[in-house]
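Engineer: In case you want the letters, here they are:
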Amino acid sequence: MLPCNCPSCQSVLKVRSLVCESCGTEVSGLYPLPVLARLSTEEQDFILRFVKSSGSLKDMAKQLSLSYPTVRNLLDDIIKKINCEP
Amino acid sequence: MKMKGTIWSYLFKPFRYIAGKESLFVGIGVLLMLSVLGYLTNTNYDGVLDMHYGCETERLPYGVHALFELIAWFSLVAVLYPVAKIFSSSSVRPVDMAGTLAMARFPLVFGALLGLNPGLHTICTKGISLVDEETIASIVQVIEANRSSFLWAGLFSIPLIIWYIVLLYNAYSVSANLKGERGGWSFAMGLIISEILAQILIHLTAGFL
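If you read the protein sequences in the order shown, they are chains A and B. When you line the first sequence up against my numbering, it's residues 1 to 86, in that order. When you line the second sequence up against my numbering, it's residues 1 to 209, in that order.
These aren't lab readings, by the way, just hints derived from the structure by calculation. There's no promise every hint is true.
To be verified - Computed list of lysine-lysine pairs in BS3-like fashion (alpha-carbon distance at most 30 Å, straight line):
| hint | chain 1 | residue 1 | chain 2 | residue 2 |
| --- | --- | --- | --- | --- |
| 1 | A | Lys81 | B | Lys179 |
| 2 | B | Lys21 | A | Lys58 |
| 3 | B | Lys21 | A | Lys62 |
| 4 | A | Lys80 | B | Lys21 |
| 5 | B | Lys179 | A | Lys62 |
| 6 | B | Lys13 | A | Lys58 |
| 7 | A | Lys80 | B | Lys179 |
| 8 | B | Lys13 | A | Lys52 |
| 9 | B | Lys179 | B | Lys85 |
| 10 | B | Lys85 | B | Lys13 |
| 11 | B | Lys21 | A | Lys14 |
| 12 | A | Lys52 | B | Lys179 |
| 13 | B | Lys13 | A | Lys81 |
| 14 | B | Lys13 | A | Lys14 |
| 15 | B | Lys13 | A | Lys80 |
| 16 | A | Lys58 | B | Lys85 |
| 17 | A | Lys81 | B | Lys85 |
| 18 | A | Lys62 | B | Lys85 |
| 19 | B | Lys85 | A | Lys14 |
| 20 | B | Lys85 | A | Lys80 |
Isolated chain A (complex conformation) (with noise of 0.2 Å):
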């Protein structure tokens, strides 16, 4: 996964350098990562799920064995957490 945090002071962390692999060509600046880059593994495969089940959280919760209510909490969740992304 991804690093999103300082392991020194947990401060948001931003992209310094991006290199091409093929010709070794290297971009360099201060790109904030993205805001779903900065969501856990699991929040990342749930919105994935989400967007390949058409935005169904009906057909998510048979997918997971979870009920409705909980897929909706989860996602939820995550939309409470983005909201709070600086």
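Dock chain B against the given chain A, drawing on the hints supplied.
Structural biologist: Below, chain B without anything else, positioned relative to chain A:
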């Protein structure tokens, strides 16, 4: 991300796996079972948190037991649903609240099974004054004669009531996405109000029974 449940989560957080219409069907089954068992074992669920063993000479008709269940369920839903709507930022479905709260009454089934013990039906207090010393003395005598029955019933019913309240909280928490401090105190407040409402409804309907 397949969610596997443990025995503990099935016992204390079954609403992670079942809610909505399914829980409503199961819940209505639980309420029916409680009314029948209450009638057969002379156990009165006369309130949201109440479970009393009736006197062997004062049996209530089946209709009253069914009404007790309806009143307890209605009081829980009628209070906790609006409380959840006020405090939750998620959408709350009435079917989840009604179904999971009915299902949460399942532990009380074991209370009715305790009621099979005839020693628990020996105290008859209807129409008597508890300030009367003779009455108190006779009650103490009955309790002493059935000491082990009362002791075991007391010891067994405490974990049952705890299990029941944990299930009620989890039903409310899952249906409304309320947890932590906000979920805790809004639930406690709702539970007390629903108990008061149930007692008022029982008092109001007592005249018709």
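Engineer: Broken hints, numbered, in rising order?
Structural biologist: 11, 14, 19
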